[in-house]
Amino acid sequence: MIYPANLLELIEYFKKLPGIGEKSAERMALAILDMSLEEVADFSLALNTAKKKLKRCSICGGLTDEDVCYVCRDISRNHNVICVLEDFKGVFAFEKAGKYNGVYHVLDGLISPIDDRGPEDINLSSLIDRVKTLENPEVIIALKPSIEGETTTLYIKKILEDKGVKISRLSYGIPMGVDIDYLDEITLLNALNDRKDIS
Numbered sequence: 000m001i002y003p004a005n006l007l008e009l010i011e012y013f014k015k016l017p018g019i020g021e022k023s024a025e026r027m028a029l030a031i032l033d034m035s036l037e038e039v040a041d042f043s044l045a046l047n048t049a050k051k052k053l054k055r056c057s058i059c060g061g062l063t064d065e066d067v068c069y070v071c072r073d074i075s076r077n078h079n080v081i082c083v084l085e086d087f088k089g090v091f092a093f094e095k096a097g098k099y100n101g102v103y104h105v106l107d108g109l110i111s112p113i114d115d116r117g118p119e120d121i122n123l124s125s126l127i128d129r130v131k132t133l134e135n136p137e138v139i140i141a142l143k144p145s146i147e148g149e150t151t152t153l154y155i156k157k158i159l160e161d162k163g164v165k166i167s168r169l170s171y172g173i174p175m176g177v178d179i180d181y182l183d184e185i186t187l188l189n190a191l192n193d194r195k196d197i198s
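Position one of the sequence shown corresponds to residue 0 (numbering that gives the first Met the number 0), numbered consecutively onward.
Everything labelled a hint here was simulated from the structure, so no lab data went into it.
Take these hints with a grain of salt, some might be off.
Cross-link-like lysine-lysine pairs, in silico, DSS-like; alpha carbons within 30 Å at most [stated by the list, open to error]: (1) Lys165 to Lys88; (2) Lys14 to Lys131; (3) Lys98 to Lys15; (4) Lys95 to Lys131; (5) Lys15 to Lys50; (6) Lys88 to Lys52; (7) Lys162 to Lys88; (8) Lys52 to Lys95; (9) Lys98 to Lys52; (10) Lys162 to Lys98; (11) Lys95 to Lys50; (12) Lys95 to Lys14; (13) Lys156 to Lys54; (14) Lys15 to Lys52; (15) Lys54 to Lys98; (16) Lys98 to Lys165; (17) Lys14 to Lys50.
Cβ-Cβ distance ranges computed for the label pairs, FRET-style [said to hold, decoys possible]: (18) Gly176 to Leu32: 33 to 43 Å; (19) Asn122 to Ser75: 20 to 30 Å; (20) Gly163 to Glu37: 29 to 39 Å.
Think of the CB as a built atom: it goes at the ideal place given N, C-alpha and C, for glycine as much as any other residue.
Model the full assembly from the supplied sequences, consistent with the hints where possible.
Take a look at the structure:
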């Protein structure tokens, strides 16, 4: 079927979202057309507001609408235990599981020589600064099991092992190449509870 140009443009934007193919993008675009102008305006406003107001936590790099996220502000959490994640989506996965009581550190990427991304290109220096201020810190590395994840894990171990930091990683059982935020809560909790020291 040939759609009008404006509808095709809308479909193309929806296809840019992860996991959205042609058919899903068409359904979404057509659903937008079924909305009232007021609903479309509200939807557009919500998108713009989220994009403008959501930012990175100044401590952990997670997503927040304030300077410091709710996890880093929570004094009931164990701030000596830091779970290191590739991106902020992993924070939401752990929080949905509801059993982790430490804090997070979001790297915003992984070391990847193939992509010309080194340690200086991800959020590592602030992790080192955070660890220096803690008593008996533990760093739990929760990166996807991939070449880039393993490279980043070994680099973190190398820079932290002489600083008195207990370093562990999620247990395997997480399939190779799977992003943390795609795991169900039970698999994620089992991996967290069964984490291993990095030798």
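Structure-based check of each hint:
1. Lys165 to Lys88: Roughly 24 Å separates the two Cα atoms, so the pair holds.
2. Lys14 to Lys131: violated, 44 Å
3. Lys98 to Lys15: violated, 33 Å
4. Lys95 to Lys131: holds, 29 Å
5. Lys15 to Lys50: Answer holds: Lys15 to Lys50 is near 16 Å, not above 30 Å.
6. Lys88 to Lys52: Measuring from Cα to Cα gives roughly 17 Å; hence the hint holds.
7. Lys162 to Lys88: holds, 28 Å
8. Lys52 to Lys95: Holds - the C-alpha atoms of Lys95 and Lys52 are around 23 Å apart, at most 30 Å.
9. Lys98 to Lys52: Roughly 28 Å between the alpha carbons, so the hint for Lys98 and Lys52 holds.
10. Lys162 to Lys98: Since the Cα atoms of Lys162 and Lys98 sit roughly 28 Å apart, the hinted pair holds (cutoff 30 Å).
11. Lys95 to Lys50: holds, 23 Å
12. Lys95 to Lys14: Within the cut-off at roughly 27 Å; holds.
13. Lys156 to Lys54: holds, 28 Å
14. Lys15 to Lys52: OK: Lys15 and Lys52 at ~22 Å, within 30 Å.
15. Lys54 to Lys98: Since the Cα atoms of Lys54 and Lys98 sit roughly 25 Å apart, the hinted pair holds (cutoff 30 Å).
16. Lys98 to Lys165: Between Lys98 and Lys165 the Cα gap is close to 20 Å, so the pair holds against 30 Å.
17. Lys14 to Lys50: holds, 18 Å
18. Gly176 to Leu32: 33 to 43 Å: holds, 37 Å
19. Asn122 to Ser75: 20 to 30 Å: Once the Cβ atoms are compared, 25 Å apart, the range 20 to 30 Å for Ser75 and Asn122 holds.
20. Gly163 to Glu37: 29 to 39 Å: Since the Cβ atoms of Gly163 and Glu37 sit about 58 Å apart, the hinted range of 29 to 39 Å is violated.
Hints 2, 3 and 20, counting from the list given before, are not met by this structure.
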